[in-house]
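> Okay, here's what each chain looks like letter by letter:
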Amino acid sequence: MSNWDTVIGLEVHVQLATKTKIFSGASTAFGAEPNTQACAIDLAMPGTLPVLNKQAVHYAVMFGLAIDAEIGKESAFERKNYFYPDLPKGYQTTQLEKPIVGRGNVEIELADGRKKTIRIHHAHLEEDAGKSLHEGDFRHGVSGIDLNRAGTPLIEIVSEPDMNNAEEAIAFAKKLHSIVTSIGICDGEMSQGSMRFDVNVSVKPSGSDTLGTRTETKNLNSFKFMEECIAKEVERQIDLIEDGGTVLQETRLYNGDTKVARSMRSKEEANDYRYFPCPDLLPVIVSDETIEELRRNLPELPDARQARFVEQYSLSDYDAGILSSDAAMANYFETAAEKSGNAKLAANWTMGELAARLNNEDLSIANSPVSAEQLAGLIVRIADNSISGKMAKQVFEGIWAGEGSADEIIDARGLKQVSDSGALEQMVADVLAANQAMVEDYINTDEAKRKKKLGGFMGQIMKASKGQANPQQVNQILAKKLNELL
Amino acid sequence: MSIERHEIEKLATLARIAIDDSTINEVSERLGSVLELVDQLQAADTSGIDAMSHPMQATQRLREDEVTELNQREALQATSPDTEDGLFLVPKVIE
Amino acid sequence: MHNLTIAELIRGLQSKEFTSVELTQHFLDRIGSLNPAYNAVITVTAEQALKAAAAADQRLAAGNAPALCGVPMLHKDIFCTNGVRTSCGSKMLDNFIPPYNATVVENFEAAGAVVLGKTNMDEFAMGSSNETSFYGPVQNPWDTDCVPGGSSGGSAAAVAARLAPGATATDTGGSIRQPAALCGITGLKPTYGRVSRWGMIAFASSLDQGGPMARTAEDCAIMLSCMASFDDKDSTCIDREVPDYSATLGQDIKGLRIGVPSEYFSEGLDPGTEKAVRAALAELEAQGAELVEISLPNTGLSVPAYYVIAPAEASANLSRFDGVKYGYRCEDPKDLQDLYTRTRAEGFGEEVQRRILIGTYCLSAGYYDAYYGKAQQVRQLIQQDFEKAFASVDVIMGPTCPSPAFKFGSKGDDPVAMYLEDIYTIATNLAGLPGMSVPCGMVDNKPVGLQIIGNYFDEARMLNVAHQYQQVTDWHSAAPEGIL
Chain A
-15 MSNWDTVIGL EVHVQLATKT KIFSGASTAF GAEPNTQACA IDLAMPGTLP
35 VLNKQAVHYA VMFGLAIDAE IGKESAFERK NYFYPDLPKG YQTTQLEKPI
85 VGRGNVEIEL ADGRKKTIRI HHAHLEEDAG KSLHEGDFRH GVSGIDLNRA
135 GTPLIEIVSE PDMNNAEEAI AFAKKLHSIV TSIGICDGEM SQGSMRFDVN
185 VSVKPSGSDT LGTRTETKNL NSFKFMEECI AKEVERQIDL IEDGGTVLQE
235 TRLYNGDTKV ARSMRSKEEA NDYRYFPCPD LLPVIVSDET IEELRRNLPE
285 LPDARQARFV EQYSLSDYDA GILSSDAAMA NYFETAAEKS GNAKLAANWT
335 MGELAARLNN EDLSIANSPV SAEQLAGLIV RIADNSISGK MAKQVFEGIW
385 AGEGSADEII DARGLKQVSD SGALEQMVAD VLAANQAMVE DYINTDEAKR
435 KKKLGGFMGQ IMKASKGQAN PQQVNQILAK KLNELL
Chain B
48 MSIERHEIEK LATLARIAID DSTINEVSER LGSVLELVDQ LQAADTSGID
98 AMSHPMQATQ RLREDEVTEL NQREALQATS PDTEDGLFLV PKVIE
Chain C
477 MHNLTIAELI RGLQSKEFTS VELTQHFLDR IGSLNPAYNA VITVTAEQAL
527 KAAAAADQRL AAGNAPALCG VPMLHKDIFC TNGVRTSCGS KMLDNFIPPY
577 NATVVENFEA AGAVVLGKTN MDEFAMGSSN ETSFYGPVQN PWDTDCVPGG
627 SSGGSAAAVA ARLAPGATAT DTGGSIRQPA ALCGITGLKP TYGRVSRWGM
677 IAFASSLDQG GPMARTAEDC AIMLSCMASF DDKDSTCIDR EVPDYSATLG
727 QDIKGLRIGV PSEYFSEGLD PGTEKAVRAA LAELEAQGAE LVEISLPNTG
777 LSVPAYYVIA PAEASANLSR FDGVKYGYRC EDPKDLQDLY TRTRAEGFGE
827 EVQRRILIGT YCLSAGYYDA YYGKAQQVRQ LIQQDFEKAF ASVDVIMGPT
877 CPSPAFKFGS KGDDPVAMYL EDIYTIATNL AGLPGMSVPC GMVDNKPVGL
927 QIIGNYFDEA RMLNVAHQYQ QVTDWHSAAP EGIL
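Residue numbers (our numbering), protein chains in the order written: chain A, -15 to 470; chain B, 48 to 142; chain C, 477 to 960.
Take the hints with a grain of salt, since some may be wrong.
[Unchecked claim] Output of the computed footprint for chain A on chain C, the stretches with three or more beta carbons under 8 Å from beta carbons of chain A: (1) 570 to 577; (2) 667 to 680; (3) 706 to 712; (4) 831 to 840.
[Said to hold, decoys possible] Among the chain B residues that face chain A by a calculated CB cut under 10 Å, a handful are: (5) R63; (6) A105; (7) E111; (8) Q124; (9) T130.
Source of the hints: derived by calculation from the structure; they are not laboratory data. Please read all numbers here as calculations on a predicted model, not as lab measurements. Heads up, the beta-carbon is just placed ideally off N, CA and C, and yes, glycines get one too.
Put together the whole structure using the sequences plus the hints.
If you want it as structure tokens, here you go:
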């Protein structure tokens, strides 16, 4: 039992899935050539002015509705002043005094089934910065600045320090991911930086009411890195204090590739951001009508979907939880279940083979080479016993490799399972006839040990059938025929 | 009213303006004179008065989420101090 | 031709008394010969101007000419002009050529105006004397030892010297009205939000407003009708129909209630200026207007409030000039911080640096409430003063500035002496109200301006009052010696 309590709060940056920037009509599409999606406004060219994107406002309100938060019917933008090459105006336009989303709650479920509510302090709209590139063919000692990302709309979600260990923090982070992808306000592509987490960690003696000094580790973009980072940071802080040191309030960076964390700047070096109301933008009013309309059209939330999956598809709570946590996965599962008419198999395959394969290849379900329709086709053939489980995996690989639908692959590879009992009976009879010695051995073996000998016959039969014999049927026929010989 | 040297240095750092050591006293004196002027504000009775950020009682218009700005990189970088392969170049950024 | 007003030039062009090419060439010649003495114009776009003039002549011949077709104009160098250097009077933007137009520039282009070039100005519009320009000071055509006022000193001097019949300008704390007064011309700062700020390089975004400068109120009306527009690229631009300001110039002013604030005639006002302004008020009274003594008790606080709010906004607005994307960059920066601090120390002049530092100070931790917060509250008080006043009067009048044009360097080293030059003009910017300056007399052969402050969006009434005044006086047609 540790003598220390851990306290964790998260600040989560969520890129909104708008077509254009928060203050300009330039595209937000990922992966364009450098600075081809940075217009005059994004570059802070002299005389340019911001105009707010309606969709960004609506997405932020939708998030507020999803976490049952107070909606800021009048919100306002401030300027946060600091110099950085990826910040073209020399200030970030953000919200401080009057954020668009106020207090709300997010419920998380832990591995032991325990539920916990994490309070949201607020969520505000702001613009993303560009990127500094340090690698490339530049001259020595030079960085390249790409401002394509500058001005991409974000909501920053600020939690209360309600989490006490990495598991809770990860569960909360995943739940937020699940919510924002379910309501369609974020594509959830962590590898593209669509969601980034700042983790505030402090430790205090067990049971103490006084919070310890916290550090903030910025810009984590994977759940795995977050978990590693929290574990390391908690350990570092406890070691430090137990060795008589003190934790400094500082901003830290964690490198997920090298697994090394380091200090970025201390509080003393912290910027004085000189926030003040942005004079180029006016108060943002969200009407009750707009709020109600967005509420009416709000897509299904993960918790509601989980309950529905249990009800509609007779899934276990656990399976329904996994499948409903990710909007893309949930949609995939539902399509596969409906097209195949077999929810149980659809669930097993989506969470099992497919998820594992995607994970291995580092692919998101949206980019899965096997479509939900194709998986449904495979499931139909498993369910009607056309193919065995083992064959199904081969077929799945075939679909993954782009060889066509399940039926096409079954035909092309001649994988159809033989379930015709006449043919199977003949096959078994042939094998027994050809292997008299094995049959003798079987008969002479003690009854208790005979079962073990069946495997040898099975192997011969499957070999003779080129793996296409239905194993359950073969088993029955074999047992019956051998018993007749006793 | 004058303003302390370390304060001037802090302001210069925040504003990213290099101030030559030889002119710092002069800068301090002139800033002090302006601050004396603006300090007249302290005499105003503003209890119960709201802050006013905008002269007009208008509210923010919202733009439709449609792409209106296409790639203009060449034109926008025509007078840039230093670019390469479409990137703006700066002395190495250290995080 | 250069003594004709814009109204007269439009009639002359339409009746084919002269062509736009002739007119344009005439003004280009005048700029060529006279501008070296005044330094009012810093960029001449002769080739484009003549091309535009030829096109205008074709449209005039075809009979489908828009309002200002073929009329030559100058733009203050704060308005972005596509393909033409836009410096804002700063070394920082000496090499900056925007690939876009300000909405104001677009509006004049659509109205068929011919752009002769860009006018000199105080650096980033920060100044009241035009002495802070990277391109050197502008000389006042009435007395070349004197300043033309600022920040739109180049536009004012150019119009006074008849280098153009009209010019665009901007006003953040008096930058249209004060130089208009000092150069003996008519200038109007519209209601905040009346003219688009898109492409107008920002000084203090909640105060900046573009407006016209010309010799007469009638010309300002013609120009404003074209300059004002609703622009969805500027969130602070107000969606409100633009009236034809020329159409309402003929109304008599009987019964007009003119508020005369006692605070505008107090200590510090030059006696000659006061006399001229009082005489103008008497003239308006003679035409049937009624003078009403009023009080704007917080006038004295407007200068301190302004010198918190404007520098605070400017300190952020000018952060974009960092040597990364456009504009000046220092030589051989040794690292990123060196790039920033040296670019900004070398690229900005002293006054601009000072205001950035003041703004930074007023916003910094521990000072925000005492300075910025307080100034925003005082701003509210100032607006309330006007609100009360306009409950009982139609317009407010007084001097535009405390004294006529002063000599170069005469305000000394203390920036505050210069800041007090705007004591009568600043409050209207804080409140967002429209204000104009109309020539109303001379002191020592230097012009004096009468300031007219209107209620929100009451430009038509202000222009009519000024026009009526100009029907019975001729201060607006006086020309500096050697100009005619």
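> So, Q124 (chain B) near chain A? Judge it on the closest CB pair being under 10 Å.
7 Å, holds
> If you take the shortest Cβ to Cβ gap from E111 (chain B) to chain A, is it below 10 Å?
6 Å, holds
> May I ask you to test the interface hint for T130 (chain B) with respect to chain A, counting a Cβ-Cβ separation under 10 Å as satisfied?
Holds, about 8 Å.
> Have a go at the R63 (chain B) hint: is there a Cβ in chain A nearer than 10 Å to its own Cβ?
Holds - the Cβ of R63 (chain B) comes within 10 Å of chain A, reaching about 5 Å at its closest.
> Are there at least three residues in the segment 706 to 712 of chain C whose beta carbon sits under 8 Å from a beta carbon of chain A?
With 5 residues close enough to chain A, the hint holds.
> Interface hint check: A105 (chain B), Cβ to nearest Cβ on chain A, cutoff 10 Å. Holds or violated?
Check passed: Cβ of A105 (chain B) comes within 5 Å of chain A, closer than 10 Å.
> Under a C-beta cut-off of less than 8 Å, do 3 or more residues of the segment 831 to 840 of chain C approach chain A closely enough to confirm the stated coverage?
Holds, because 3 residues of the segment 831 to 840 of chain C bring their Cβ atoms closer than 8 Å to Cβ atoms of chain A.
> Mind taking a look at whether chain A covers the segment 570 to 577 of chain C? Criterion is 3 or more residues with CB to CB distance under 8 Å.
Answer holds; 4 residues pass the 8 Å Cβ test.
> According to a criterion of three or more residues whose C-beta lies within less than 8 Å of a C-beta of chain A, is the segment 667 to 680 of chain C covered?
holds (count 7)
In the structure shown, no violation is registered for any of the earlier numbered hints.
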